[in-house]
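Peer 1: Residues per chain are reported as follows:
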Amino acid sequence: MLKGIIRILSFYAKELAEIRRQPRLVMSLVLGPFLILALFGLGYSGEQPKLRTIVVVPPGLENDERITNMTANLGPSFEVLGITTNADEARMRLARGEADIVEVMPGGVDEIFTRTEQSPITVLYNEIDPLQEQWIQYLTYVQVKELNSALLVNIASGTREQAGSMTGYLADARRQLQTIQSGLRVAGGEQARTAIQRLRANSGLILASLVLSGQSGEGQQAQQDLQQIQNDLQALEAAMENGQIQEQEERIASINARLAEVEQVATQLRTVPPEVLVSPLITQPQNIAQTNYTPSYITFYSPGVVALLLQHMAVTLGALSLVRENLLGSVELFRVAPVGSMQIMMGKYLAYTLFASFIAAILTLGLYYGLGVPFVGNPYWYALVVLLLTWASLGLGFLISSLSQSESQAVQLSMIALLGSVFFSGFFLPLANFIAQVRGVAYALPVTHGVQGFQDIMLRGQLPSDQTLAWLSGIALVCFVLAWQLWRRNLKRR
Amino acid sequence: MAGRDTVNLRPNVIEMRNVYKQWGEKVGVHDMSLDVPQGNIFGLVGPSGCGKTTTIRMLTGVYAPTKGDLRVLGATPQTFDKRARERIGYMPQLFVLYPTLTVWENLNFVASLYGLGWFRRRKRLEELLEFVELTPARNTLAEKISGGMKRRLELACSLVHQPQLLFADEPTAGVDPVLRGKFWDGFRRLKTEGRTLLVTTQYVSEVEYCDQVAVMRAGRLLMVETPEGLRRRAFGGREVIELHVDAEDERNARAILRQLPFVDDVRRPHNQPVGTLHIFVDNAGARIPEMIQQLGTDNSIDMRNAQEFKPPFDDVFIILMEQAAADDPESVVEEVVNA
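So the sequence lines, in the order shown, correspond to chains A and B. Residue numbers for the first sequence, in my numbering: 1 to 494. Residue numbers for the second sequence, in my numbering: 1001 to 1339.
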């Protein structure tokens, strides 16, 4: 038993002594992430650069006030380089990389509301980056939405002005209705006939005003009311022609009631701002994450950097460890010596776990005190995730080592694991963006769960999820068993 | 099978019977049988690639024999338990220690591998460093020490747990003659402590330090002999007297010597001046006086010197290898095994 412990500790001491002999490695492991994060914090604004835009307009419109206003309102994400009528030159500048997009405005600006189809703004860009392409498409989509809104706000403002005259038409309509009612009692009421015709004309004007502002439910109801009023007036006129006007009292009362409703809408049109009429809804974002710090990019990415570094360090140490024993020839010594494969693995795990924990502690303290990265969770749970992440990553490293024939092969496989981690761990690209099958690759990487666990503890102050702990433990166990079996087979006397 | 000249009263620590090692068609060791008695220095000599390392690896349990019986310290190497492994020391042919550890750390690591307790370890390591004369270099990184020092460090590592049986695979390869001498001094000291050593070497001259020598060629065991026995074998079981006469008298001396009944052959050795003769007899010590007496009867021969000729082992080895190559290898092995 004691001899077994001594044998395990022989590898523990040997590995630590070898690491101690590489102070540059230790320094780079500690300082590297700091420098990267500090540089990231200083240099990354998080804002997308403005899209350099050339606006192409139909000939004769380059100095048009409406176009000038429109380009001025393209939005904060666009920097207008110029307005031109020369589409070919704009395309060439785009091809030369002097502009990011070219927007070709449609002809006949005055008729865009009267056409039977929508008028396109053609957006040209020269991109091979799919993310940037998506970004351009999104921004121009938002831009056109905003332009449409601006146009509608202009119209709604005009309608609001018209609502004043609509009130006059409505008052006149009321008077005409009274004239009709009194005219009913007069035989052959010529006065009533004239009043009906005038009322019909007024209701037409009111309807026209409402059609232009028909964005709201009330406006649409008023339009229907006016349509009904016009039908009723037509029926009244016909009844008068047939000498049955005395029987239309009920219809006149109905017209009166509808006019009252329309009047109410007209009043509303006058009082409601055009922006509300056009865009009655706006977003009001509220972050309910309980943090006592201001989230920033450096804050958000720090746990990921720690997890990624820990995984890469442990994978590389593990990957080089066994393969070096093979290349150095020490395996021959182990085959003769009274030492077992499990004792060798245990000793190495012990040494690397201690080293990784030390690096993780230094790194975390440095992030907290040096870069002000918050740590709102429980440090004991954090330590547990560090341990599990280290074991899982070491297992992966030892597995790589057991399968590698040379150091360069081991390093190559470690780099592939790192590359896979950058892409699939959710460190930069959200996991939800991947299809379910590919997400399986992400879940097989220790760093995926490390990032999640560290973010939960450091930034949210929560306990790591059961899923995080289970995945890390599972990966650690499976990789350990596989690596051990392969190493055992390698050590086996032939 | 111990050498014929050895009176073997000690138990064998190694016993090989008709052992083969093959990898597919490739033969590493072919039908090998030998015994190594306890407390002996047993040399395994042969050209590069003749199967020495393969033999050691089978004896240490690294390789399993394809066929045959193998027992080391009374156990089958393939099934050595930890206790059996603790009784064996192994010095591999190449440096397999850690270049980024110091001499002391490497030694300490191997001591831990063998489960040496912390309390008695320090004293033991210091003794070993003294033994291999590495005390001044104890804190030097292994990558910074010379080739000879590396071999000494490996020897120290193989002895750290005081093994009963030491396998040293070409311990003196690449080592200067002075240091080689020290290595063999060390081996003799280990022998006096009652340990058994199986040492492979390409330096044929080193066989004279061994109690017994096994000669291998192309995976086959040619013979197991004492160093003197090897010399005799090289000359067909005869001994050689080297005679110096006046150059003018050589022809006359040859004629007289050829007529003597105990003389098997008379030759002038290659690259020797006229007047030097090698006389092949059954017993050089006994025949020199007789020969001098016979030659003295002829007063015309000016005889300058006559003594037993002991050829260097390099020459002996070359002769043996040439003989083996000329013979049918199968028959050579058969002869040795059945002897």
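Just so you know, the hints here were simulated from the structure itself, not pulled from any lab data. Incorrect hints may appear among the rest.
[What the hints assert, rightly or not] Below 25 angstroms or equal to it, Euclidean Cα-Cα: the simulated PhoX-like pairs (lysine-lysine) are: (1) A:K492 with B:K1067; (2) B:K1026 with B:K1067; (3) B:K1026 with B:K1123; (4) B:K1026 with B:K1082; (5) B:K1026 with A:K492; (6) B:K1082 with B:K1144; (7) B:K1082 with B:K1182; (8) A:K3 with B:K1144; (9) A:K3 with A:K492; (10) A:K145 with A:K50; (11) B:K1123 with B:K1067; (12) B:K1182 with B:K1026; (13) A:K3 with B:K1082; (14) B:K1082 with A:K492.
[Unchecked claim] Label pairs and their computed distance ranges (CB to CB): (15) A:W381 with B:R1071: 55 to 63 angstroms; (16) A:L477 with B:Q1164: 50 to 58 angstroms; (17) A:R460 with B:K1123: 55 to 63 angstroms; (18) B:T1140 with A:L328: 14 to 22 angstroms; (19) A:G329 with B:R1138: 52 to 60 angstroms; (20) B:K1123 with A:L42: 56 to 64 angstroms; (21) A:G329 with B:R1120: 40 to 48 angstroms; (22) B:W1118 with A:L42: 29 to 37 angstroms.
Using N, Cα and C, we set each Cβ at its ideal position, and we do this for glycine too.
Peer 1: Would you mind marking each hint as holding or not holding in the structure?
Peer 2: Verification of the supplied hints:
1. With a C-alpha separation of about 19 angstroms, the suggested pairing of K492 of chain A with K1067 of chain B holds against the 25 angstroms cut-off.
2. A distance of roughly 14 angstroms separates the Cα atoms of K1026 of chain B and K1067 of chain B; the hinted pair therefore holds under the 25 angstroms criterion.
3. Between the alpha carbons of K1026 of chain B and K1123 of chain B the distance comes to roughly 47 angstroms, so the proposed pair goes past 25 angstroms and is violated.
4. Proximity of K1026 of chain B to K1082 of chain B is assessed by CA-CA distance (about 32 angstroms); at most 25 angstroms being required, the pair is judged violated.
5. The hinted pair formed by K1026 of chain B and K492 of chain A meets the criterion: a straight-line CA distance of about 21 angstroms does not exceed 25 angstroms.
6. Of the pairs offered as hints, the one joining K1082 of chain B and K1144 of chain B is violated, with about 33 angstroms between alpha carbons and a cut-off of 25 angstroms exceeded.
7. Distance check on the hinted pair: K1082 of chain B and K1182 of chain B sit about 31 angstroms apart at the alpha-carbon level, beyond 25 angstroms; violated.
8. This hinted pair does not check out: K3 of chain A and K1144 of chain B have alpha carbons roughly 31 angstroms apart, beyond 25 angstroms.
9. Pair hint K3 of chain A plus K492 of chain A holds up; C-alpha atoms about 21 angstroms apart against a cutoff of 25 angstroms.
10. With a C-alpha separation of about 18 angstroms, the suggested pairing of K145 of chain A with K50 of chain A holds against the 25 angstroms cut-off.
11. Straight-line distance between C-alpha atoms of K1123 of chain B and K1067 of chain B comes to about 43 angstroms, which puts the hinted pair past the 25 angstroms bound.
12. Restraint check for K1182 of chain B and K1026 of chain B: the C-alpha separation of about 37 angstroms exceeds 25 angstroms, so the hint is violated.
13. Straight-line distance between C-alpha atoms of K3 of chain A and K1082 of chain B comes to about 10 angstroms, which keeps the hinted pair within the 25 angstroms bound.
14. Pair hint K1082 of chain B plus K492 of chain A holds up; C-alpha atoms about 14 angstroms apart against a cutoff of 25 angstroms.
15. Range check, W381 of chain A to R1071 of chain B: Cβ separation about 57 angstroms, and the 55 to 63 angstroms hint holds.
16. Range check, L477 of chain A to Q1164 of chain B: about 41 angstroms between beta-carbon atoms, so the 50 to 58 angstroms window is missed.
17. Distance hint for R460 of chain A and K1123 of chain B: a CB-CB separation of about 57 angstroms, consistent with the stated range 55 to 63 angstroms.
18. The supplied range of 14 to 22 angstroms is met by T1140 of chain B and L328 of chain A, whose beta-carbon atoms lie about 18 angstroms from each other.
19. With their beta carbons about 23 angstroms apart, G329 of chain A and R1138 of chain B fall outside the hinted range of 52 to 60 angstroms.
20. Evaluation of the 56 to 64 angstroms hint for K1123 of chain B and L42 of chain A yields a pass: the beta carbon distance comes to about 58 angstroms.
21. Between G329 of chain A and R1120 of chain B the C-beta distance comes to about 28 angstroms, which lies outside the given range of 40 to 48 angstroms.
22. Range check, W1118 of chain B to L42 of chain A: Cβ separation about 51 angstroms, and the 29 to 37 angstroms hint is violated.
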